[in-house]
Amino acid sequence: MDVGAGTGRDAAALAALGHRVVAAEPTPELRAVGRRLHPDADIRWVADALPALPRLSAEGERFDLILLTAVWMHLTPAEGPPAMDALGRLLAPGARLALTLRHGPVPPGRRMFDLPPEHTIALARTRGLRLLHRGARPDLHGREGVSWTELVFGRGQ
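First residue of the sequence shown? That's 0 in numbering that gives the first Met the number 0, and the numbers climb one at a time after it.
Because the hints were derived from the structure by calculation, they are not lab data.
Quick caveat, the model's predicted, so the values are computed rather than measured.
All C-beta atoms, glycine included, are put in the ideal place defined by N, C-alpha and C.
Accuracy of the hints is not assured; some may be wrong.
As the list claims (entries may be wrong) - Listed next, with one range per pair, are the computed distances between beta-carbon atoms:
#, residue 1, residue 2, range
1, A15, P76, 34 to 42 Å
2, T26, A77, 18 to 26 Å
3, G108, A15, 28 to 36 Å
4, R43, S146, 29 to 37 Å
5, G93, S56, 17 to 25 Å
6, L131, A46, 28 to 36 Å
7, G93, D138, 29 to 37 Å
8, G144, D39, 36 to 44 Å
9, H73, R35, 21 to 29 Å
10, A121, D39, 35 to 43 Å
Build out the structure end to end from the sequences listed, making use of the hints.
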C-alpha cells in the first residue's frame, strides 16, 4: 500500500515489479491524474487518509509493505499516535513499514512538522514495530537546508 500516493509514481513502480498495489490518496484531483498516468498498472485507488485510514481499516485487508513517501511530516504531533496505530493494524505478520521524514525549513503556507527521527522510532516501538533501517540523504530537489531520514520498520511474525 502507498499512503499519500499522490499521482502514483511509487505505486506504479511497485505495480511494474508485479505487485498488486493499493494507493490511498485523499485528494480527488491527484487520484484522477494517477489513474490517467498509470491506466494499465495493477493499482486500486482508494480515497482514504491518515491519521485513521478509516476506509482501509474497515475493509480489514493487511499489507506486506506500507509506504509513506513525504507524508509523515504533514501529520501534527498529536496525529502521530493514532496514525501509527492505524498503520500497525494494517500490517501483515512479517510486513514492513517504510517512511521518509523531511527536515528543514517549512515553505510558507504549507502544513509540515519537522520531528526528530527518534520521535517516530519510539512511537513505532510502542506499537510493536522494530527499526530495521535508518538512513539519511540530502534533498533530491536540491532545496537549501532540506534533508530526509528514511526509516523502515518490521512487524514480527
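Status of the hints after comparison with the structure:
1. A15 x P76: 34 to 42 Å: Because 36 Å falls inside the window, the suggested range holds.
2. T26 x A77: 18 to 26 Å: holds, 22 Å
3. G108 x A15: 28 to 36 Å: holds, 34 Å
4. R43 x S146: 29 to 37 Å: For S146 against R43, whose Cβ atoms are near 33 Å apart, the range 29 to 37 Å holds.
5. G93 x S56: 17 to 25 Å: holds, 20 Å
6. L131 x A46: 28 to 36 Å: The hinted range 28 to 36 Å holds for L131 and A46, with Cβ atoms some 30 Å apart.
7. G93 x D138: 29 to 37 Å: Check passed, 32 Å falls within 29 to 37 Å.
8. G144 x D39: 36 to 44 Å: holds, 39 Å
9. H73 x R35: 21 to 29 Å: holds, 24 Å
10. A121 x D39: 35 to 43 Å: holds, 41 Å
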